[in-house]
Amino acid sequence: MTMSTPTLITFIVYLVALLAIGLFFYRRTNNLSDYVLGGRRLGGGTAALSAGASDMSGWLLLGLPGAMYASGMNQVWIAVGLSIGAYLNWQFVAKRLRVYTEVAQDSITVPDYLENRFHDHSKLLRVVSALVILLFFAFYTSSGMVAGATLFQKSFGLEYNTALWIGAAVIVSYTFLGGFLAVSWTDFFQGILMFLALVVVPVVVVTTQGGWSETVAKVADVDPARLDIFHEMTLFGIISLMAWGLGYFGQPHIVVRFMAVRSSREIPKARLVGMTWMVLSLYGAIFTGFAGIAYFSDQPLENSETVFISLSQVLFNPWVAGILLAAILSAIMSTIDSQLLVSSSALTEDFYKAILRPGASQTELVWVGRFTVAAIALIAILLAFDPDSTVLGLVAYAWGGFGAAFGPVIILSLFWKRMTRNGALAGMILGAITVIVWKQMSGGIFDMYEILPGFILCTLGIIVVSRMDRKPSAEIEGEFAEMENGVR
Amino acid sequence: MESALSSATWFWLIAPMTAVVILSLITFFTERR
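Protein sequence lines correspond, in order, to chains A and U.
So for the first sequence, numbering that gives the first Met the number 0 puts the first residue at 0; every next one is plus one.
So for the second sequence, numbering that gives the first Met the number 0 puts the first residue at 0; every next one is plus one.
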């Protein structure tokens, strides 16, 4: 498929607007806290959509509709697990983390927070968590680059390598310039665009099929099993899919949005906006894939993940198709840019400033941050050149890695006063290693999603080692109490 | 035969995801100060 002129124009206007946002915030970024965390200036609504858009990568517009199209209703379980996980994260983690990161010496990254929370002067906690971030984000970012390149390639008929470079150049240039404020604002617009696309497409498809009953009847003609949420599902399988929800508590690019909210009082509003956005978008993706079964019943798609792209192209005029295409790219890019930024802050804050040059000036740090964005993007691009790279496998791996290594550490650090630095360290290492090792095994229990055993072992590691360790100092307990007062 | 989604499918498709939005709405009001 080659690009039509209106589609191309719409698309280019969109890319130019993104760069303009980057340039605008370039002028408003004065220090590292501005660059990495926007100086904690985000309103509830922006924070919510920004967290949602960073969270939902190309998976929302390509992966989930594709899975629904290929298998039907039994794919809904993952969406159920994710919504519950996201809600619990907003409900129990967001406010405490926002307050605690300020109490703990105004921490601006996850490694920064962990070091300050446990008064760790050895830098061990900071370095280990930064290593976990760099390792899993390299794969995560790379998978996004692959998804973006594939989209450019399929929609515009570009060569894969050219598509990869063009997509990467746009993403890197505005993350490079504008930092967190640019990323959060573009995430906000991208979140709105993704949402509109996911509402419009399924409604139009169902209407063209003559209504809901006719759509369901056509799906049943293709395969009645696709109407059944329990088709070929065991309890084990359902638990494994729902376990995706556990991943939320440990995703650095998502929880960093909680730290950036203007005030903890904005959290209830952010939670409501964020959850409404997420659930409606998930329903949009579910029904797009489901109605796609009916729409393409005569001529099934070769690649099920192109169901959203194919529907946009056949059902809408080229101007609208250009916007819908931009929405898909939004989904991919809004995730990559946030991940680049967190990786960059891990290198800048946790290695460069913490170990190499403690006395570095703010200007120097902002520039080191910018260049590390470029360097990390380059590594991700190089990984993406491997033709064997698969998007979903890598996303699941990175999601599981973060969920298991950081999830229990973050939750317990916010709720358990008795938790110690050694407990955090043990849990983090145990969680990360479990995910890496589990992934190499297969058959029986090892077919379970690795996040579940990783999460459990990390939790046990924290509890056992903290209990064996000395009690935290009075100063640490004092800060914990201060956080609890701040939350009330 | 008329095809339709079973009640169990409807339940799991609608109930948990709607519940988290309703809970967010409730806490939006209860946690306001």
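Keep in mind that a hint or two might mislead.
Cβ-Cβ distance ranges computed for the label pairs, FRET-style [what the hints assert, rightly or not]:
| id | chain 1 | residue 1 | chain 2 | residue 2 | range |
| --- | --- | --- | --- | --- | --- |
| 1 | U | A3 | A | Q104 | 54 to 60 Å |
| 2 | U | W9 | A | E483 | 38 to 44 Å |
| 3 | A | M467 | U | S5 | 49 to 55 Å |
| 4 | U | I25 | A | N302 | 20 to 26 Å |
| 5 | U | T17 | A | E231 | 46 to 52 Å |
| 6 | A | I191 | U | W9 | 27 to 33 Å |
| 7 | U | T29 | A | W211 | 32 to 38 Å |
| 8 | U | A3 | A | N29 | 27 to 33 Å |
Which stretches of chain A does chain U cover? Using the computed rule of at least three CB atoms under 8 Å from a CB of chain U, they are [what the hints assert, rightly or not]:
| id | region |
| --- | --- |
| 9 | 78-85 |
| 10 | 226-233 |
These are calculated hints, taken from the structure and not from any lab test.
C-beta: ideal position from N, C-alpha, C; glycine also.
task = Could you say whether the range 54 to 60 Å given as a hint is met by the Cβ separation of A3 (chain U) and Q104 (chain A)?
result = Holds - the Cβ-Cβ distance for A3 (chain U) and Q104 (chain A), about 58 Å, lies within 54 to 60 Å.
ask   = Does 49 to 55 Å hold as the CB distance between M467 (chain A) and S5 (chain U), or does it fail?
value = Cβ of M467 (chain A) to Cβ of S5 (chain U): about 51 Å, so the range 49 to 55 Å holds.
ask   = Falls inside 46 to 52 Å, the C-beta gap from T17 (chain U) to E231 (chain A)?
value = Since T17 (chain U) and E231 (chain A) have Cβ atoms about 25 Å apart, the given range 46 to 52 Å is violated.
request  = Would you check chain U against the region 226-233 of chain A, counting CB to CB pairs closer than 8 Å, and say if three or more residues qualify?
outcome  = holds (count 4)
task = Please test the hint of 27 to 33 Å on the beta carbon pair from A3 (chain U) and N29 (chain A).
result = Cβ of A3 (chain U) to Cβ of N29 (chain A): about 60 Å, so the range 27 to 33 Å is violated.
query = If you look at each residue in the region 78-85 of chain A, do at least three have a Cβ nearer than 8 Å to any Cβ of chain U?
reply = It holds, with 5 qualifying residues against the three required.
inquiry  = Holds or violated: the 27 to 33 Å window for the beta-carbon distance between I191 (chain A) and W9 (chain U)?
reply    = Cβ of I191 (chain A) to Cβ of W9 (chain U): about 29 Å, so the range 27 to 33 Å holds.
request  = Look at the Cβ atoms of I25 (chain U) and N302 (chain A) and judge whether their distance stays inside 20 to 26 Å.
outcome  = Violated, since I25 (chain U) and N302 (chain A) (Cβ atoms, about 42 Å apart) do not stay within the stated range.
request  = Return holds or violated for the Cβ distance of T29 (chain U) and W211 (chain A) against the range 32 to 38 Å.
outcome  = 35 Å, holds
key: Assessment of proposed distance window 38 to 44 Å (beta carbons of W9 (chain U), E483 (chain A))   = 42 Å, holds
Consistency with the previously given hints fails for numbers 4, 5, 8, ordered from lowest to highest.
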